[in-house]
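Novice: Residue-level listing of the chains:
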Amino acid sequence: MSAPTRRYSLFEPNKIGELSPAAKFILYSFLAAWSLFVLFPIYWLLITSFKTPAAVNNGPFFLPWVDFQPSLHAWRDLFILDFEDTFRAYSNSIIIAVSSTALSVLVGSMAAYSLSRIEFAPNLITILYFVALLIGSCVAIGVYGADLWLTLAVAVALFFLLARAVGKLYTVRLKNGDILFWIISQRILAPIVVVVPIYMMFQSVRLLDTHIALILTYAVVNMPIVVWLMYDFFSSIPRDLEESAQIDGATMIMTFREIVLPLSRAGLSATTLLVMIFAWNEYLLALFISTSNAQTLPILVAAMNAGERGILWWTMSVAIIVMIIPVVVLAVVLQKYITKGLLVGAVKG
Amino acid sequence: MNAHSSELTAVAKGITADKLNKFYGGFHALKDFSLEVVPGEFLVLLGPSGCGKSTALRMIAGLESISSGTLTIGDRDVTDVLPKYRDIAMVFQSYALYPHKTVGENIGFPLKVAKMPKDEMERTILAAANQVELADLLDRLPSQLSGGQRQRVALARAMVRRPSVFLMDEPLSNLDAKLRGNMRAELKHMQSELGITTIYVTHDQIEAMTLAHRVAVMRDGELQQLGTPKQVYSDPANLFVAGFMGSPPMNFLDGEIKDEMFAGPGITLAAKGYADTAYATLGFRPEDCTVVEKGAGQLDAPVYTFEMTGDQSLVTFRAGDKSLVVKMPNDFEVAADETAGISLPTSSACFFDQATGLRIRPAS
Ligand SMILES: Nc1ncnc2c1ncn2[C@@H]1O[C@H](COP(=O)(O)OP(=O)(O)OP(=O)(O)O)[C@@H](O)[C@H]1O
Ligand SMILES: [Mg+2]
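As you go down the protein sequences, you meet chains A and B in turn.
Heads up, the first sequence is in our numbering, so the first residue is 131 and it goes up one at a time.
Heads up, the second sequence is in our numbering, so the first residue is 64 and it goes up one at a time.
Hints are not guaranteed to be accurate.
Stated by the list, open to error - Residues from chain A shown here face chain B by an in silico Cβ test under 8 angstroms; the list is partial: (1) Leu371; (2) Ser374; (3) Asp378; (4) Ile389; (5) Val390; (6) Pro392; (7) Ala396; (8) Asn423.
Hints were generated in silico from the structure; no laboratory data involved.
Values in this document were obtained by computation on a predicted structure and should not be read as measured data.
Every residue gets a Cβ at the ideal spot worked out from N, C-alpha and C, and that includes glycine.
Using the sequences and the accompanying hints, generate a full structural model.
Specialist: Laid out in structure tokens, this is it:
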């Protein structure tokens, strides 16, 4: 049933069903080997969580009931003896990951949407004037011990009185591209560089070791990624669609709900997943900002190799397994929204 | 008609544009665009690509801000009014179909926004789909349609409502010749039946001629002439309109007018009542003149090509660096390279000023 005008090319892709049995065998063996390679660490994690310390130390053992006798002792340790710690870390992680993701996706995608739809033209000089006032106030308060409220009042007054005049001195207009670049440039510095200032900031407002501190930090760290990804996504939705909906009489909210949201679902899902995984796995910032109350799962896991009994591979495995599960579930749930080609047929060409 | 749909039916409204201007940064896209559309009129904006037709239409729709000037729909000044309060329906040049909605949902979206009851909505959608011959595709997604079918969905989505103004940006450009003819007739019928004021953008003069009550010819953001199709065709206001309308377009010859005679390269023609000028252009339509024996017409020239198009034959002459086309009946024949004469009646000649391009008219 092959078509009469079949083109033969050098690298013509074949359907697996059309391959010869030998080729099929080779292909499937390769795929099987690859999945073994990928899945083995997870399998190893799983069996380690059921091993006794002896079974770990005398290993390597690979097969439960054959090589070693599985035991639930690590699971019991983590979920019964240390239940409070485990539960606290788990719920902290969930609260912090979910809230910071929600915050950064919400604010970030709103920023991205407005950047893709509105031409902004802020005046560089006015911005520099603002920054100069800010620095001036900080110096006045920090170095010369000026009164906080007085300085603030003076700075605000100066800003509103002179901003327009200063802006007229010299007009350099920034464009949306500049704003976008500035936003993404916030990610250029390695986190380790900013960790100390962040620590000191939260210390001075007495928010160290609270959920709020980690939620805010993660939201800010993730915001550039959200803005960048969603900007691209919103820009790919033709403006005509929203204009058409508005001519048809739809309100802004209705346009957003009926047109923009369904079309950006894929982008939002992918972004949410990415950001959530970051917040879920983040270690460095959490290490500095949280000590006990706001401790998250990665910190709990890491703490397990610091005990006086040496590295507790078995409990660590249990903790890692429970840490992986939500991410896998989330990925599976969101996967069905992450599809391409949603926009086909909207506009011509 | 029941209560709800008569509520959707609006009275036809006129549109007045007064000195509308549009600047895109430093680019002047629309220049002092003034126009009055009477209620129930079918007005066509005609012009070459990039002349600002879509810009003008989008300004009337409220999608593009008005840099200066005023716009009135009915008795209301809508210069700064949001699109949704202007009571218009629009067909976009790009179709702008909602890709995640089926054809039926696309067509029904304006009704859904207007909160029409479900069963009535379904009936209205079906009626609109029937008008554009799409009734059996209601469950498809736009991505599963051909270009022409998408365009018809866009048309149906505009026609499903009864707004006070229709705005259409090249709504038939992607259809094949036969379907285009059908849709043209359908549109014209619907418009005269409903009496809804319509502004229709196109660069196809046949569409303009057949559909319009009046045609507005545009060029480089400027309105060139506004008149009935007949006026625009047979009484062009300037060289551009004369050269844009008709296919093949008008023939032009440069020359001078002296003592009520036009004299150009190899031609003299009576120009009764015209003032003397050294820089005049003579224009005449291919169908207004005839090919005659050498020496019998006002102009002799070698035949460059001879084309049969089926219902007529086109004879192209070479006169200096210009080509002149004459339309003859389809039984006419002449050999290329032969020299023949062109006879043109004085009454059908138009004269233009070379410098300004404007039409020159006789004094009396
Ligand atoms: N957003 C914009 N920014 C800058 N210039 C624009 C913009 N939109 C249109 N223009 C310019 O304005 C002019 C008129 O454009 P417009 O879309 O109105 O042309 P048109 O007559 O509809 O052409 P076509 O028949 O090809 O659709 C063009 O020269 C175009 O380049
Ligand atoms: Mg256009």
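Novice: Going through the numbered hints above, which ones does this structure break? Give me the numbers in ascending order.
Specialist: 5, 7, 8
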